[in-house]
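Protein chains: 2
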Amino acid sequence: MADNSELRERLIEKAKSGIKEAYSNEEYALMQAVNAWLELGKSRNLASERLAEWFGIYAPESVKAGEADLAKRVMELAEKGGEGGSSMGRRMNGDEASALKSFAEYGVKADAALESLEAYLKVAANRLMPNATYLTDEKIASELLSRAGSLERLATMPASTVQLLGAEKALFKHIKYGSKPPKYGVLFKLADVTSAPKDQKGRIARVYATKLSIALKADYFSKRFIADQLKKDLQESLKRIAEAPPRQRPQQRQERQGRFQPRKRFGRPDGRQRGQRRN
Amino acid sequence: MADNSELRERLIEKAKSGIKEAYSNEEYALMQAVNAWLELGKSRNLASERLAEWFGIYAPESVKAGEADLAKRVMELAEKGGEGGSSMGRRMNGDEASALKSFAEYGVKADAALESLEAYLKVAANRLMPNATYLTDEKIASELLSRAGSLERLATMPASTVQLLGAEKALFKHIKYGSKPPKYGVLFKLADVTSAPKDQKGRIARVYATKLSIALKADYFSKRFIADQLKKDLQESLKRIAEAPPRQRPQQRQERQGRFQPRKRFGRPDGRQRGQRRN
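So the sequences go chain by chain: A and B. Counting in the numbering used here, the first sequence tops out at residue 279, every number present. Counting in the numbering used here, the second sequence tops out at residue 558, every number present.
Derived by calculation from the structure, the hints in this document are not laboratory data. Hints are not guaranteed to be accurate.
[What the hints assert, rightly or not] Result set (SDA-like, lysine to any residue): computed pairs, CA atoms no more than 25 Å apart in a straight line:
#	chain 1	residue 1	chain 2	residue 2
1	B	K321	A	K20
2	B	K295	A	R50
3	A	K42	B	S341
4	A	K14	B	S341
5	A	K42	B	K299
6	B	K293	A	K42
7	A	K183	A	N93
8	A	K122	B	E394
9	A	K16	B	E394
10	B	K299	A	E61
11	A	K16	B	K299
12	A	K20	B	D374
13	B	K321	A	G56
14	A	K122	B	D374
[Stated by the list, open to error] Chain B residues, not near chain A, derived (Cβ > 10 Å throughout):
#	residue
15	K388
16	K496
17	D507
By construction, the Cβ of each residue, glycine as well, lies at the ideal position given by its N, Cα and C atoms.
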């Protein structure tokens, strides 16, 4: 029996160290950080809009939405109890001032946290995925990592999957209901894609995905820095795409022929009850 | 000409003072505050979940989601550079520690801002709508105000509209597609509604809406406090509802007969293209 409990101890120890080892890779921290960054960005935007709207009651003539240091201005005004606001706004009372000040402080803190997360993303993404980060940037590379779930999975994905990471919803809508197939997911955030003419965006995303897939394999397996050469190749491809004559739109019938035929639609996305008659 | 510019000055002054007067009512500040509170609550929840998940990498055995002082614990751990974490978590590096600490500080600030907003809601709602606040609470009363757009509009609404404030989406879905009509909007947040048996919720919301509509008229017009009596009446009605025998479900056909017949559905909520064949 004494042996048994000793064995039990040893097994627990082993399980614990297994967990520790599994988490020892920094990619888990990076994934948490990038998700925190994405969520925080949304919260911050929401708070900025609200702050601008709220502050607009007191100084309607001097608020610009999205103003960078609005939170700081609000805090100053609230500290003075709304004194020196404007000739046409509402006069703030003390209760309002302290609520508004606290909300503005929250906004300032959100900005600080965003900055700090961005700094970490930069360091960690360059450490874990130097090639992929060099090709894109630390935010896009980390978001791809988080969508894939681990660097191993991301590195072993085919380029076409990397291209569509983040577009799962549109992809399944395509398969189920036959809407247009998506061309890009996370990669849509690339400046090269965003700024491209509409008919080139898809091709540019594909080129990026191809090179990224090579870069990620280097990041995970060989750990050599090859992104210099990759970026040169990439830029050449982008140039070719930009110079290519605009594609002719195929005729409706021809277009249909060669394409993947989506499954017939099932389910009832229109909310009709089962057995209910069509009108 | 000198006269003209003087006139112009005077008119601008008048417009400014008009704006000032329009905003002089505290209800605008209250509406901003309650919206800020609602949005901030969501952001805070998102951040708490992320924090728990992130912290779980370092101390998997000691994280409970929704833990009240998690942010403070995270800050302490991060300040020590992850020292004294746990036997099985990941060891934090310096970059991680500062990002995580900043994120946790943001969480703490969000809590503080929430508290401060709640304090303001309490004061202002009791000042502006003492009757309605007494019947429900400061959060529900303020949210109703914000949905209505002004105290005047809210006070002049019929009880049935008050009952459905915040359920606009469900109401239009009902009108357009014939789904079940909503029973409550914001009023669903009342503890009396939440905790009631399913077949009583609608009736309880209706009773509340009726009394609220009277209370709001007193808040806006007579400014007398009559909510004491209203609450007594309300409680009696609630008692009657609780004691009433459960309603028999009407037969499908009978139920259809007496009901509002929704408009035939139009539009294409299933995303089919115009002219596309049904399968």
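Hint check: K16 (chain A) vs K299 (chain B), CA-CA at most 25 Å. Holds or violated?
With Cα atoms ~65 Å apart, K16 (chain A) and K299 (chain B) exceed 25 Å; violated.
Are the Cα positions of K321 (chain B) and G56 (chain A) separated by 25 Å at most?
Cα-Cα ~23 Å, so holds.
Holds or violated: are the alpha carbons of K14 (chain A) and S341 (chain B) at most 25 Å from each other?
Status holds; Cα separation ~19 Å.
Hey, K16 (chain A) versus E394 (chain B), does the alpha-carbon distance stay inside 25 Å?
violated, 39 Å
D507 (chain B) clear of chain A by more than 10 Å, beta carbon to beta carbon?
holds, 25 Å
For the pair supplied as a hint, K122 (chain A) and D374 (chain B), is the alpha-carbon distance within the 25 Å limit?
Holds, at roughly 10 Å.
Does the structure keep K42 (chain A) and S341 (chain B) at a Cα separation of 25 Å or less?
violated, 29 Å
Is it true that the CA of K293 (chain B) sits at most 25 Å from the CA of K42 (chain A)?
violated, 40 Å
K295 (chain B) and R50 (chain A): Cα distance at most 25 Å?
holds, 23 Å
Separation of K388 (chain B) from chain A, once the least beta-carbon distance is taken, above 10 Å
Non-interface label on K388 (chain B) violated, nearest chain A Cβ at 4 Å vs cutoff 10 Å.
Restraint check for K321 (chain B) with K20 (chain A), where alpha carbons must lie at most 25 Å apart:
Outside the cut-off at roughly 32 Å; violated.
Determine whether the non-interface label on K496 (chain B) survives the test: each CB of chain A must be over 10 Å from its CB.
The claim holds: K496 (chain B) sits with its nearest Cβ about 25 Å from chain A, beyond 10 Å.
Checked against the numbered hints above, the structure breaks hints 1, 3, 5, 6, 7, 8, 9, 11 and 15 and satisfies the rest.
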